[in-house]
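Chemist: Chain by chain, the residues:
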Amino acid sequence: MTDVTAQSRPAARPGGTRSDLLRQIWISRADYLYVLPAIVVMLVVIAYPIYYTVDLSFYKTPPGLQLKDKSFVWFDNYTTILTSGVFWRVTLNTVIWTIASTLIAFVLGYALALALHREFAGRGIMRAIFIVPWVISAVAASYIWKWIYHSDFGIIGVVMVQLGIVDRPPNFIDSVNTVLPSLIVVNIWREFPFAMIMMMAGLQTVPEQLLRAAQVDGASAWQRFWHVTFPHLRGVSTVTVLLLAVANFNSFIIPWIMTGGGPSNASHIWITHIYELAFGRQRWGVASAYSVLLFIILMTLGYFYVRALSQGERRERGA
Amino acid sequence: MSAPTVVHAPRRRRIDGWRWASRFFLVFMLIYTAVPMAWMMVTSIKSGFAAMAFPPEWWPSEPTLASYRNLLDPQNSVGRDFLRFFWNSLYVSTLTTILAVLVAVPAAYAFSRFRFPGRQFLFFSVLLRNMFPAVIFLVPLFILMRFLGLVNTHGSLVLTYLTFGLPLAIWLLKGFYDNIPIQLEQAARIDGATRFQAFVLIVMPLSVPGIIATAIYSFIGAWNEYIYAYTFLSKNEQLTLPVGVQRFFSENTTDFPGLMAASFMMSVPVVVLFLILQKYFVRALTEGAVKH
Amino acid sequence: MAHVILKDLVKSYGSVYAVRDVSLTVNDGEFVALVGPSGCGKTTTLNLVAGLIPITSGDIMIGDRIVNDLDPKDRDIAMVFQNYALYPNKTVYKNLAFPLQMRRMTTHDMDQKVRDAARMLDITHLLERLPRELSGGQQQRVALGRALVRDPAVFLMDEPLSNLDAKLRVQMRSEIKRFHQDFDATIIYVTHDQLEAVTMADKMAVMNGGYLQQYDTPAQVFANPVNLFVASFVGSPAMSLIPLEAATNGGTTMLSSAEGWTIALSDQNARKVQRAKSKKVVLGARHSAIRLHKTQVEGAVPAKVYTVEPTGDVTFVQVFLSGAVVNISLPPTFEVEPDEQVWLEFDQNRMHLFDGETELALND
Numbered sequence: 019m020t021d022v023t024a025q026s027r028p029a030a031r032p033g034g035t036r037s038d039l040l041r042q043i044w045i046s047r048a049d050y051l052y053v054l055p056a057i058v059v060m061l062v063v064i065a066y067p068i069y070y071t072v073d074l075s076f077y078k079t080p081p082g083l084q085l086k087d088k089s090f091v092w093f094d095n096y097t098t099i100l101t102s103g104v105f106w107r108v109t110l111n112t113v114i115w116t117i118a119s120t121l122i123a124f125v126l127g128y129a130l131a132l133a134l135h136r137e138f139a140g141r142g143i144m145r146a147i148f149i150v151p152w153v154i155s156a157v158a159a160s161y162i163w164k165w166i167y168h169s170d171f172g173i174i175g176v177v178m179v180q181l182g183i184v185d186r187p188p189n190f191i192d193s194v195n196t197v198l199p200s201l202i203v204v205n206i207w208r209e210f211p212f213a214m215i216m217m218m219a220g221l222q223t224v225p226e227q228l229l230r231a232a233q234v235d236g237a238s239a240w241q242r243f244w245h246v247t248f249p250h251l252r253g254v255s256t257v258t259v260l261l262l263a264v265a266n267f268n269s270f271i272i273p274w275i276m277t278g279g280g281p282s283n284a285s286h287i288w289i290t291h292i293y294e295l296a297f298g299r300q301r302w303g304v305a306s307a308y309s310v311l312l313f314i315i316l317m318t319l320g321y322f323y324v325r326a327l328s329q330g331e332r333r334e335r336g337a
Numbered sequence: 219m220s221a222p223t224v225v226h227a228p229r230r231r232r233i234d235g236w237r238w239a240s241r242f243f244l245v246f247m248l249i250y251t252a253v254p255m256a257w258m259m260v261t262s263i264k265s266g267f268a269a270m271a272f273p274p275e276w277w278p279s280e281p282t283l284a285s286y287r288n289l290l291d292p293q294n295s296v297g298r299d300f301l302r303f304f305w306n307s308l309y310v311s312t313l314t315t316i317l318a319v320l321v322a323v324p325a326a327y328a329f330s331r332f333r334f335p336g337r338q339f340l341f342f343s344v345l346l347r348n349m350f351p352a353v354i355f356l357v358p359l360f361i362l363m364r365f366l367g368l369v370n371t372h373g374s375l376v377l378t379y380l381t382f383g384l385p386l387a388i389w390l391l392k393g394f395y396d397n398i399p400i401q402l403e404q405a406a407r408i409d410g411a412t413r414f415q416a417f418v419l420i421v422m423p424l425s426v427p428g429i430i431a432t433a434i435y436s437f438i439g440a441w442n443e444y445i446y447a448y449t450f451l452s453k454n455e456q457l458t459l460p461v462g463v464q465r466f467f468s469e470n471t472t473d474f475p476g477l478m479a480a481s482f483m484m485s486v487p488v489v490v491l492f493l494i495l496q497k498y499f500v501r502a503l504t505e506g507a508v509k510h
Numbered sequence: 181m182a183h184v185i186l187k188d189l190v191k192s193y194g195s196v197y198a199v200r201d202v203s204l205t206v207n208d209g210e211f212v213a214l215v216g217p218s219g220c221g222k223t224t225t226l227n228l229v230a231g232l233i234p235i236t237s238g239d240i241m242i243g244d245r246i247v248n249d250l251d252p253k254d255r256d257i258a259m260v261f262q263n264y265a266l267y268p269n270k271t272v273y274k275n276l277a278f279p280l281q282m283r284r285m286t287t288h289d290m291d292q293k294v295r296d297a298a299r300m301l302d303i304t305h306l307l308e309r310l311p312r313e314l315s316g317g318q319q320q321r322v323a324l325g326r327a328l329v330r331d332p333a334v335f336l337m338d339e340p341l342s343n344l345d346a347k348l349r350v351q352m353r354s355e356i357k358r359f360h361q362d363f364d365a366t367i368i369y370v371t372h373d374q375l376e377a378v379t380m381a382d383k384m385a386v387m388n389g390g391y392l393q394q395y396d397t398p399a400q401v402f403a404n405p406v407n408l409f410v411a412s413f414v415g416s417p418a419m420s421l422i423p424l425e426a427a428t429n430g431g432t433t434m435l436s437s438a439e440g441w442t443i444a445l446s447d448q449n450a451r452k453v454q455r456a457k458s459k460k461v462v463l464g465a466r467h468s469a470i471r472l473h474k475t476q477v478e479g480a481v482p483a484k485v486y487t488v489e490p491t492g493d494v495t496f497v498q499v500f501l502s503g504a505v506v507n508i509s510l511p512p513t514f515e516v517e518p519d520e521q522v523w524l525e526f527d528q529n530r531m532h533l534f535d536g537e538t539e540l541a542l543n544d
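Residue numbers (this note's numbering), protein chains in the order written: chain A, 19 to 337; chain B, 219 to 510; chain C, 181 to 544.
Rather than coming from a laboratory, the hints here were simulated on the basis of the structure. Just so we're clear, the structure is a prediction, and the values are computed from it rather than from any experiment. Accuracy of the hints is not assured; some may be wrong.
With a straight-line cut-off of 20 Å between C-alpha atoms, the simulated EDC-like cross-links for lysine to aspartate or glutamate are [said to hold, decoys possible]:
1. A:K164 x B:E275
2. C:K459 x C:D535
3. C:K293 x C:E313
4. A:K164 x B:E469
5. C:K187 x C:E210
6. C:K293 x C:D364
7. B:K497 x A:E137
8. C:K293 x C:D331
9. C:K357 x C:D208
10. C:K383 x C:E210
11. A:K164 x A:D192
12. A:K164 x B:D473
Could you build all of it, start to finish, from the sequences and the hints given here?
Modeler: Okay, here's the thing in structure tokens:
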């Protein structure tokens, strides 16, 4: 019993050296097997394309994907973009589209989550109905709304005529002035349910006791929301808004199917514009340069996204 | 005892005010949400002629299922195509879902339980994928798929769908695993299980709701995807529903009942699936994404 | 059953040490309690013995095997967790059978063993239920049953009673003690509650800051705490500790307070005080080793009553003395009021003295 020392291993003292990190990696080598499939898929389908896009943005490319004929042109593609009038038009559209869709969808979703938080008859059915627009495909949604906005037979226009608001049905998506707001209405229709689900999930985590305490302290419904619920859900709200913003910034299907970016670029946003440059006009180099710019913007947004998420992660580990 | 009543009266009126506002808001949102869907269904049971009537009929005088019969009849060419697209969508979505679960489960588990160097970095780089739009990846992926010989195959779709479904799937599942007490696995390991056995026999069955949520998410994402399918596939017999329907109706621009019927058919599987399983999804969000 | 030996056990996370150079021997059939405040390293020590976390250095022997690198499943141990860790999706029967299944026992033998264990713990009627359908005490018994069914060399228990309500805790305390006696089990039991350790264990290992402070029978630890930490941790109410200064006056050694009073020490206590590194000495006394007088008497020091807590059998009085709070127990018939002026007399034979610098007990 006393000869344990003879077999005892030399004490491994911890330190911050590099060989220590390698040792750590070696010790946890089996752990990496679990994440390996995910990482491999991600590398093939993400890292390679990113590299490729950056590379291509410095080349002038002939139409068709005959890429062996491309020639290196430094930053020509970037200057082409930044000096074109379309770029600024499209950028303005994108900003309006992203901010309006995100904020309105978030506020509607948040309000619905609050309205549905209390138990009442028919709540379950309502919730189910509200979720549907988010679940169905954006392609189907685009066709439904295209039919609703139809300049001759669309019901909104017809109802407006019958109510005497206008003489003849407005051209919702065929007019430069109304096309962007009309598409934003469709986009919000698709996205407010996501905000609602996220905020409903968040509301379940608000401690009942806090609300009771506030009520006892004489806080009105609004004050309870503002002083208890709202601050408690700040983390979820941030994540939801960021996810919505990213999704809106990256929208494609609704404008593409409903208007194709028209009329006269009034509903083009960055993504549809890039798509048209690449696959419509086959200007791969310019499209890639656009993608890189987009990428830089997204990385900035991504920084905040990761920060919001990692705060959650830290809080969770602290608990 | 008169003081409390005096205080009580205005307070009650204020609460009622909120309740009315909330009712009004709910009605407004119901109209906004449901009317387009209702109109889709009403239009889909009209004849092509009736759909173009002015003023429109709120309920068709002669409702007809002709559009649905047309889409589902394997004898005519429209039905053949539509059923083919439907089958393709089902195949691609199911395969994506199975693979996504197989890949996401071990990854989420590792991110939740193990503390290996680089864990944080890998976790966030996986999440960052969510940030980037399909378009950025389209050209290079198209070239990559050509290189891999996957253009015009469903494999190209499955592979890409996997990547955009994985980040949220891993995130959701990780939250789920974070909430399963680690003592359960410790108990299992002491009871004689290996680490892997503890995972498969104890943790996996407990994470079934999370796995279901992940599966729904992947399935719906794949079912509704448009842009990759639009770019990677050109042969008619391989198209998935969103692209197939779009192609078909860009040639028949005035057949609105047909288009609405197709939109309806395209939505039914995912809506039914989601409504049946939504409790898992909301639970996964609450436990995984929200409750930190 | 088997003995367990820990030798120079160390666990560190980077530069943070959770367990430092812990060495102790648990004899065959002994019930040892690891006790200390939260974060003291007791649970980490238990997890090291279980093999749930890898050790940084040192050795662990279970029976005559060094188990440093063995998987938990190969260490022949059973463990009861604070939250019971019952598999929520398995019935009680399947929970009990799981360890046997993992050992590929035949169905017949398994059934026999599960039913035996269930009978011993009086949970036969619960076998088909799910854990969530059980009360806390029943879950606790199932957890014990799952440990018992295996017939392991050592039982490890991690705060198994802390999730129970006070009444049930007392009941389960005696059941676990009975369990130990009936099966001659070797048990290592982690708790933050010194009362559990004192009432149940053959020996208690008091830990703090990752170090093992004292390892002895509860009676010894109670009577001769080796340092200020152990003195303050073991016993309820806690030992009163009064920081004073040593002084000599005409050959008599005494302790003097900043308030001006002094206590003359007996010869034995004077010898102890002379071993202190400096003049700083901490006087320790348990509640029963202090007499309270309502009038001034020879050798008693003045103090003021803070609170009076009658508990029925005994009345506990807290008194302010030289900046410290002193606990005294009195018969319930003794009448005393808060803010009353009183005089305290310390029993020289039951007095504890500690070095104010090193915090170690001063011995003869």
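Chemist: Each of the hints needs a verdict: does it hold here or not?
Modeler: How the hints compare with the structure:
| no. | hint | result |
| --- | --- | --- |
| 1 | A:K164 x B:E275 | 18 Å, holds |
| 2 | C:K459 x C:D535 | 8 Å, holds |
| 3 | C:K293 x C:E313 | 23 Å, violated |
| 4 | A:K164 x B:E469 | 16 Å, holds |
| 5 | C:K187 x C:E210 | 18 Å, holds |
| 6 | C:K293 x C:D364 | 18 Å, holds |
| 7 | B:K497 x A:E137 | 16 Å, holds |
| 8 | C:K293 x C:D331 | 10 Å, holds |
| 9 | C:K357 x C:D208 | 16 Å, holds |
| 10 | C:K383 x C:E210 | 8 Å, holds |
| 11 | A:K164 x A:D192 | 11 Å, holds |
| 12 | A:K164 x B:D473 | 13 Å, holds |
Figure legend: structure checked against the earlier numbered hints; the only hint not met is number 3.
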